Structure formats: structure tokens, C-alpha cells
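J.: Listed below are the residues making up each chain.
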Amino acid sequence: MAQPRIGVFICNCGTNISHVVDTEAVRDHALSLPGVESVRTYKYMCSNPGQEMIAAEVRERGLDRVVVAACSPRMHERTFRGASRAAGLNPYLFDMANIREQCSWVHADGPAATLKAAALTRAAVFRVARQEPLEGLTAEMCPTTLVLGGGIAGLTAALELADGGYPVVLVERTDRLGGNLARVDLTAPHLDSARDLLTERITRVRSQPNITVLLHTQLKSLSGFVGNYTAVVEATKGVAALAEPVRVGNVIVATGYREFDASRVTHYGWGKLPNVVTSFEFEKMLRAGRIETKDGRAPRYAAIVHCVGSRSREFHGYCSRVCCMTALKYSQEIKSAVPDCYVSDLYIDMHAFGKGCEDFYKRGSEVKTLFLMYGKNERPVIRRASPGDDCDMLIEVDEQLSGERIEIPADLVVLMVGMEAREDAGEVARLVNISQDKDGWFMESHPKLDPVATTTDGIYIAGTCASPKDIPDTVAQARAAAGRILARIARGKIEIDGVFAEVDEERCSGCRICNELCPYSAVEFDGEKKRSHVIPAACKACGACVAACPSGAVKARHFTSEQILAQVEGILA
Amino acid sequence: MSYEPKLVAFLCNWCSYAGADLAGTSRIQYPPNVRVVRVMCSARVEPAFVLEALARGADGVLLCGCHPGDCHYSEGNYKAMRRFPLLKQVLQAYGVEGERVRLEWVSASEGQRFADIVADMTVRLRALGPSRVKSTLQADLVER
Chain A
40 MAQPRIGVFI CNCGTNISHV VDTEAVRDHA LSLPGVESVR TYKYMCSNPG QEMIAAEVRE
100 RGLDRVVVAA CSPRMHERTF RGASRAAGLN PYLFDMANIR EQCSWVHADG PAATLKAAAL
160 TRAAVFRVAR QEPLEGLTAE MCPTTLVLGG GIAGLTAALE LADGGYPVVL VERTDRLGGN
220 LARVDLTAPH LDSARDLLTE RITRVRSQPN ITVLLHTQLK SLSGFVGNYT AVVEATKGVA
280 ALAEPVRVGN VIVATGYREF DASRVTHYGW GKLPNVVTSF EFEKMLRAGR IETKDGRAPR
340 YAAIVHCVGS RSREFHGYCS RVCCMTALKY SQEIKSAVPD CYVSDLYIDM HAFGKGCEDF
400 YKRGSEVKTL FLMYGKNERP VIRRASPGDD CDMLIEVDEQ LSGERIEIPA DLVVLMVGME
460 AREDAGEVAR LVNISQDKDG WFMESHPKLD PVATTTDGIY IAGTCASPKD IPDTVAQARA
520 AAGRILARIA RGKIEIDGVF AEVDEERCSG CRICNELCPY SAVEFDGEKK RSHVIPAACK
580 ACGACVAACP SGAVKARHFT SEQILAQVEG ILA
Chain B
35 MSYEPKLVAF LCNWCSYAGA DLAGTSRIQY PPNVRVVRVM CSARVEPAFV LEALARGADG
95 VLLCGCHPGD CHYSEGNYKA MRRFPLLKQV LQAYGVEGER VRLEWVSASE GQRFADIVAD
155 MTVRLRALGP SRVKSTLQAD LVER
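In order, the protein sequence lines correspond to chains A and B. No gaps in the numbering here: position 355 of the first sequence is 394 in my numbering, and each next residue is one more. No gaps in the numbering here: position 126 of the second sequence is 160 in my numbering, and each next residue is one more.
Treat the hints as calculated values from the structure; they're not laboratory data.
Here are the simulated distance ranges between beta carbons:
#, chain 1, residue 1, chain 2, residue 2, range
1, B, Asp154, A, Asp148, 12 to 20 Å
2, B, Asp154, A, Arg297, 39 to 47 Å
3, B, Gln63, A, Arg243, 58 to 66 Å
4, B, Arg158, A, Arg117, 32 to 40 Å
5, A, Pro172, B, Val124, 30 to 38 Å
6, A, Lys82, B, Arg158, 33 to 41 Å
7, B, Val124, A, Asp478, 33 to 41 Å
8, A, Ala612, B, Arg158, 20 to 28 Å
9, A, Lys82, B, Arg61, 15 to 23 Å
10, B, Tyr128, A, Arg551, 26 to 34 Å
11, A, Val406, B, Arg61, 46 to 54 Å
Since the structure is predicted, the reported quantities are computational estimates derived from the model, not experimental observations. Cβ atoms here follow ideal geometry from the backbone N, Cα and C, with glycine treated the same way.
Work out the full structure: start from the sequences and follow the hints.
T.: Take a look at the structure:
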């Protein structure tokens, strides 16, 4: 290898760096390092003049590698890669030394911080000398999308994609479309009918020629990578509608939630006391138009209990988000159907965060519901009343606002059961290679900035499989997922970053340790050659296989052992 | 001047490196003894990296990854979790004090935790005194 010609560019960041680090001393040190041709300091290296200075220096001094000592690469690596490219260099012949976030901002001792900044710059110089020019790859993008789940999220995403002109395969486990929403009567806070919302979606999905609906079907396996997945689906009952594997470019997981099993809260008596019902059982009554006890009487006393399975130490710590507004809807519906009924609403906190929800709460408060607040750790107890009482059940509750332990009568109790991850969520996560959080919800790529994608490229999540959501949030996420996919399909090809692992077939012994280690199934085994190879588009560059290979045959491009060891050497030189 | 230990830290790009950056943006102070090497995942760290750092004069090596369950690559940190104790055993068998190498979980929101770990490890390394790995290796070479 010819001696590299490295340029080092040290940023003062206004005075963010230079008020602690003596950047001129770092400059002097950098000049003494092997291969360094030029060192410049500047007040803002990321500014246009700063970037132009880099480009000019590269051209005038014939530099072939660049080190920028400035802020965190998480901040400006892209900027300076761009500047290097603009100067005619391969962007991977650039490295950054973090002398702000990990130096001047955390150390007040000037001389010590200057020594450290010099060491970090030296490490980057040693590393960059061993870096290699890399090219990304492009691959085809199959325009078909696989949507898992036929609830409101899956239906909406499928329509968005199909209306955009691209094929969709919609896979639904059960015998009908609609999901959990089909079990609901009216929806809060607008009191519009769930059936109306769904009928519009389902009719359009059924008549949209770009959508293939597969009922009684589930995903059996998924292989490949973004743009080029192969999905095998199987029948949950009867004969599979699609015998052949389907080629898809992207997948939207919209598998929904399941309701919390109310029998787990033994002191509520669900399953034992006939007139304790879950919110879904109550929805059934509402759809039938009859609010009554098991023996057909109109309830004189009704009680609604919030947070069943939610916001609790024993069950789920999170809030299920839709129950508070649904509970308010119930009290309004009970009062309108049975005007003489006394309705109590037992809550911990009233969460009315959505658009229109605070107004709905105000209206709900006007229908003469008795609101009783109980403590998170002092749940109410429901028991059968004595024969002399004029009600079926009594609810004992430590009422927080009055500070008293009280008993309230009830003929009908509605338990607001929370949402929880489906029992097969783990299996789905494994099939499509995404993560679950501690509660079993599918994890997004970034909780704020990328709440639609996952850490597996081409796999998106929508609706309540990701976390409890109301209908507007579910629909927004479904449309966002579809929008992301439409944008990628429109580009036709996918660009793959130059940083991925590769196998040296000469050194590979075919032991297949790497095959099993890869969380993305990106390392494949060629049965004929008896060698493993990496599918670049599927590789996320974690390097787990590289560290595990007993033959040293796997190389992490841009994070090679040689480069990392050179950095270590530079740090300690 | 009292002895100042050299600490090399391998941080995963997604959680721990971001956590260290957060310590910076929050201006949380910690000892300047630590020098960071960024890797994509804690599972990328080969035993050779740790050995090389010790051989080149590091007094301690810290490896930080995402908390269990939070790994950007689903389970890379579990791989690090399984490998690290083995490496530590080998090092201890050769007389390197166990406290010189450490595996910790630092999330992107735990700037303070990163600073605390570095401070704690620096204190412990200072108490242990300089590592003898580099000097022993050099003496060994001279003898041959």
C-alpha cells in the first residue's frame, strides 16, 4: 500500500471545543503523525466555508483520506462523508474523532482534555489509513406488499398501497375481515358506528383489484431481504388459498391485540358473578340494543371499573389508552337507555388526551355519573350482595377524593379490560425478525423519529400490535407505513449501504456458526460449495458473525479487525 | 504525579455510544482517562480487541452495549454477555485482575450512568495500580 496522504481538520465549534481543548496543540501533534499531509483548524468545520476548506485542501494537496476532529459522528458523519464525496474522495475514506461530546463537554481539565483529544485524533488517523473505498449496492424492489392482519390497520394500509397502484396480499387468520373493531358498537368520542367505519373499508378492499385477500391464512415463513422477500403462507383451517410462495418487497405487520383475561383479577369475580361483564361483552349487549342483567332485568345500579389489567403492578404497567373514553361512552349509553339507572364510574385517573376527548369527558360528566376515584394499589372488591340488599352486588372501594372506604350497589358491572400483546406475538416477531418490548409489543425503529419502521429493513408495524392505540392513531400509523413503502417502491431500486459483512470463501470452512448467529438470516449456506456467504441487502453490519468466525473468514466492511486494532493502537500510542 | 490509568471503552453505536454522547450534551463530567472506540454492536467485539488493548498498555477495558431486550440487532448483547465471562476467566487465569475488564449496559438515555461507570472504574483501576500486561510482554520479548 502506498503511503496515504491524510488531511486532518480540527473544529473549534465556536468555542465549544476550543474553550477546553487546545486545538492548536492537537494540530501540532497531528502534523507529526505518519501519513498526515495537512492539518487545519477552523471555527465551524460543518459550515459551508468549513466543508469547502476540506474540499479545497483535498484537491490542492492531493489528499486521499480525511479525518475530522469535531463533534459526534452521530451528529455530522453524514455531513463530512458528503464533503469528502464532493471533494472527489470515496466517502468511506473518512473518519471522525469525537472531541466535543466525549471530550470538551465532559472534561473541564484543559491539559487532560487536550491530551485525550490528541489521542482520539491519532486513533482516527491510524484507523483511516487502513480504511478502504467502499461502494453500496442496488437491488430490485418488488412492488407487492404483504399485509398481516385484516383489522382496521391492515385494511387501511392495504387500501393506501392498492390505491397507489401496487399489489397487496392481505393475510387474515380468521374467517372475516374487521379485527377487534368488528366487536365494537359505537366509537368514542364521536359516537359513530364501528360497523360503518369498517363496512366502507371492507367493501373497498373487496372490490379493489390490486388486493388479494386470503382468509383463514397465516404466515408460515419469510426469507430474503427488503425488496426481495419470499413469503410462504399456510391455511389455519381447510385448504391454503395460495399454494405457491409469494414474492413481496415489504411487509406490514398489523396483527392487533387481544383483550386482557378478566378472570385473572379474582376480586372482580368475572366468570363467577353472572352480572360482571367485560367491555367486549357489554359491546355485544349494545349492538343487540339491550342493556340488562342475565335474568333480563333493567339494571338499577350499574358500575364501570377502569384499568382492568392495565396500570397495575401484577398485570400490565402501561395504560391501554382507549378504555377511559369507552367507559364514558358506556355511562352515556346506559343513562340514555335506562334513564333511572345510577351509574358509577370507578377510575384511577381519567385519561382524556385525544382530540375531542376532553369535550367528551365534559359531556360525560353532565349525565349524572358518580365518579369514584380509587388508588392504583387499592383495587375495588366486588362481591355478591346479601339477600336483604336491594342490589345484586356490592363494590367496596377506598375512595380517594373523600378518603373513605365505601360500598356501592351494582346490578351490572362492566370491566374495562385492557389490551395486551397477542399470545402468538412472539411467533410473529420471530417469523419476520422484529423485536418485542418487555410487554410483548412490537418495537419500532425509533420511538419518536421512526415509529413505523422496525430494525429489520422492509418490515413495518401498524396499529395495536405495536402498542395500545385508538382508531385515529392506528389509521395514521397504517397510512404512514403504507406511505413509507410507496415512496420506496416509487424509487424502483433500493440502495444498500456499503457497510456490511462479507465472507472470504477461501478461508471459510463451512462450519455454519455464522448462519445461526445472524439475527437477520443474512448469512446463507451454499450446499454445493459448502461455504457460507452474506446477502448484503439483508446484513445490518452488527458484526456478530465476524467476531464468532473461528477461521477469521468473515470481514466487517468498514469495521474490520485491522481498522479497530489500528484505532486501539492509536489511542494507546 | 500520581498514576493515571488508561481505560479503553468499546461502545455499541446504537445505545452506549449515544449514551456517552448524551453525557456530553448534558455536560455531565467524568474522568478523562477513558478513550472510546465505536463498534456497531457489542457482539462485534472480539477477545483479540480486549487483549490488544491490554497488550498496548490499557489498564482497563470497558465494553458497553444495549440493555438486555433493547439490542438494536435483537440479541447481539446476549452474545457479548455469553462471551465476556469466558474472556474474563482466561484473563484471570493468566493473572490479569478481573476488575480490569468490565461489561455494562448503557442505554441511549443513560448519560449519567455512563459517566458513573467510567468514574467508578477509574477509581478502581487507580487503586489496582498499573497493569503489568504490557511490561510483562515486553520483558518476555527481551528474554527471547
